[in-house]
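As given, the protein sequences belong to chains X and H, one line each in that order. Counted from 1, the first sequence has number 51 at position 51 by the UniProt record's numbering; the numbering is strictly sequential. Counted from 1, the second sequence has number 76 at position 76 by the UniProt record's numbering; the numbering is strictly sequential.
It should be emphasised that the hints constitute simulated quantities derived from the structure, not laboratory data. Predicted model only: the values in this text are computed from it and were never measured. Misleading hints may appear alongside valid ones.
Stretches of chain X that chain H covers, calculated by requiring three or more beta carbons in the stretch to come under 8 Å of a beta carbon on chain H [as the list claims (entries may be wrong)]:
no., stretch
1, 60-67
2, 90-103
3, 132-142
4, 147-153
5, 168-175
6, 215-228
Once the Cα atoms are required to be at most 27 Å apart in a straight line, the calculated DSS-like pairs of lysine-lysine come out as [unchecked claim]:
no., chain 1, residue 1, chain 2, residue 2
7, H, K24, X, K111
8, H, K80, X, K159
9, X, K130, H, K80
10, H, K24, H, K121
11, H, K32, H, K120
12, X, K159, X, K73
13, X, K130, H, K32
14, H, K120, X, K135
15, X, K135, X, K111
16, H, K80, H, K120
17, H, K121, H, K32
18, X, K135, H, K32
19, X, K159, X, K111
20, H, K141, H, K120
21, H, K80, X, K136
22, H, K121, H, K141
23, H, K32, H, K80
24, H, K24, X, K136
25, H, K141, X, K111
26, H, K80, X, K135
27, X, K159, H, K32
28, H, K24, H, K141
The following residues of chain X were derived to be distant from chain H, with all beta-carbon distances above 10 Å [said to hold, decoys possible]:
no., residue
29, G18
30, G29
31, L126
32, A129
33, A165
34, P187
35, L188
36, D205
37, P209
38, V234
Idealized CB from N, CA, C, for every residue including glycine.
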Amino acid sequence: MSEHTEPVRVIWEEVVPGGAYWSRVIRRGTTLRVTDLEGSRGVALLAYNADNPIERYNAADTTKIQFRIFMSKGSVLYSDMGRVLFSITEDTARYHDTLGGCSNRATNRAKYGEGDYPNARDNFLLALAKRDLGKKDIAPNFNLFAHVVVEADGGLSWKEGASRAGAFIDLRAEMNVLAVLANCPHPLDPSSSYGPGAIRVTVWDSPPPGPEDLCRTGSAEARRGFENTDALFVG
Amino acid sequence: MVATALTGIDPGRIVYDEVLPARKPWAHVVEKGQTLRIVDLGGNQAVDFLVYNAHDYAERYSAPDTIRAQNNIFLTTGSKLYSSDGNVLMRIVADSVGRHDTSGGACSCESNSVRFGLDKKWQHACVENFLTALGWYGLGKRDLVSNINFFMNVPVTPEGSLEIVDGISDPGSTVDLIAETDVLVVISNCPQMNNPCNGYNPTPIRLIVWTDS
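Next up, chain X with everything else stripped away, as it sits in the complex (with noise of 0.2 Å):
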């Protein structure tokens, strides 16, 4: 916690193997930082309104409304029905991605080979199955650690840099979100070696964002946003 000048609250943290998948509902007022340790190779997130998932992330309407397909520090993870799961209010790796989907068993089976290597969405599944969700509840996850370009032509090219050791993201919960990680590389991810690294994930309390809050004052449309978010906690 060292990049806090307050002291904070840590409620819990735990360090997530590569290829494990791990679930958690981050309460409105805590934020979640997920830290890669050693160098991830992405990281897979499904979000939902903890308290009725039939809400749940938005790949499109993310991108659309802030038109932007990259997330980073200011930037808001929209659900489906105009409200905001998570603002991102720290960020040391920069990229995260929107567009690439998760790996599956065929993309795993593609890249690496026979073989029992973990998929994002068989772990997605696992987790859902915990929470008495499935298959219809998966959408288009984010990425964590992840640069994925679009060229001139719209053809899709992986960056590196975005995940490394030390990288971290804090997501900060504007409502009950129930978080889903799936430690497995990115499915563009070029690496044809199985090999993804341990995430520290660490939840701790967070004031809620006053009116100078960057990701609340980002734009006009954050500000609708969070005006609709907070709806749901008045009276």
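Fit chain H to the known structure of chain X by using the hints.
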């Protein structure tokens, strides 16, 4: 009616041919081997499109898998529409436009409120159309994923900026999709009036299905 609408189709093989008015929902099962043609009658009309395995609705169109499989964010002739389970649901076999969007998603009342003003949430939106059409088949909100926007232009720069700009389809533009398995196609003829995706004027489309035997 636009003269080019029936080009290349044997009239004897047509099994469905209807005009979908502006702003309306539509759903139809297209059987394996049948081809669906979408005709942009007025030009510059976004057609929001979802597709499901007709025998297992939990298997549905996946924008990320489709983008990745063809290594391009734009869809055109030759693009295969992949499912969340890695199967090809449909394939684009002809396209008079050259690029279609699958990253911009659908407009909703809720996203309209964020994008254009809180008072805009009362306007009709594609998600309302999708929910209406999905309801005809016993499906609902959990069945919504990022969709295709035929005839819509959403360029992305290497620096990561994205915007919705004027469409590039003219009156009579067409896209043909052959079904690789029995599929349920769900369409919202986009009612959006706040950005250039419909030229600020939603217009009808024509939907033609024919069989190859």
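Hint-by-hint comparison with the structure:
1. 60-67: holds (count 6)
2. 90-103: holds (count 4)
3. 132-142: That given contact holds, which follows from 8 residues of the stretch 132-142 of chain X lying within Cβ reach (below 8 Å) of chain H.
4. 147-153: Holds, because 5 residues of the stretch 147-153 of chain X bring their Cβ atoms closer than 8 Å to Cβ atoms of chain H.
5. 168-175: Since three or more residues must qualify, the claim that chain H covers the stretch 168-175 of chain X is violated, with 0 doing so at under 8 Å.
6. 215-228: holds (count 5)
7. K24(H) / K111(X): violated (43 Å)
8. K80(H) / K159(X): holds (25 Å)
9. K130(X) / K80(H): Not OK: K130(X) and K80(H) at ~33 Å, beyond 27 Å, violated.
10. K24(H) / K121(H): OK: K24(H) and K121(H) at ~18 Å, within 27 Å.
11. K32(H) / K120(H): violated (40 Å)
12. K159(X) / K73(X): OK: K159(X) and K73(X) at ~19 Å, within 27 Å.
13. K130(X) / K32(H): The hint is violated at about 36 Å.
14. K120(H) / K135(X): Measuring from Cα to Cα gives roughly 32 Å; hence the hint is violated.
15. K135(X) / K111(X): Between K135(X) and K111(X) the Cα gap is close to 24 Å, so the pair holds against 27 Å.
16. K80(H) / K120(H): violated (35 Å)
17. K121(H) / K32(H): violated (38 Å)
18. K135(X) / K32(H): holds (24 Å)
19. K159(X) / K111(X): holds (17 Å)
20. K141(H) / K120(H): It holds: about 21 Å lies between the C-alpha atoms, which stays within 27 Å.
21. K80(H) / K136(X): holds (22 Å)
22. K121(H) / K141(H): Given pair K121(H), K141(H) holds - Cα atoms ~18 Å apart, limit 27 Å.
23. K32(H) / K80(H): holds (14 Å)
24. K24(H) / K136(X): holds (25 Å)
25. K141(H) / K111(X): violated (34 Å)
26. K80(H) / K135(X): Holds. K80(H) to K135(X) sits at ~22 Å (cutoff 27 Å).
27. K159(X) / K32(H): Violated - the C-alpha atoms of K32(H) and K159(X) are around 39 Å apart, more than 27 Å.
28. K24(H) / K141(H): holds (18 Å)
29. G18: Fine: 21 Å to the nearest Cβ keeps G18(X) off the interface.
30. G29: The claim stands: G29(X) keeps its Cβ more than 10 Å from every Cβ of chain H (closest is about 22 Å).
31. L126: Per Cβ check, L126(X) is outside 10 Å of chain H; nearest 16 Å; holds.
32. A129: holds (13 Å)
33. A165: The claim stands: A165(X) keeps its Cβ more than 10 Å from every Cβ of chain H (closest is about 24 Å).
34. P187: violated (6 Å)
35. L188: With a cut-off of 10 Å, L188(X) comes too close to chain H, as the shortest Cβ separation is near 7 Å.
36. D205: Nearest chain H Cβ is 28 Å from D205(X), so the label holds.
37. P209: The assertion about P209(X) holds, with a minimum of 17 Å to chain H.
38. V234: Its Cβ never comes within 10 Å of chain H, the nearest being 15 Å, so this holds.
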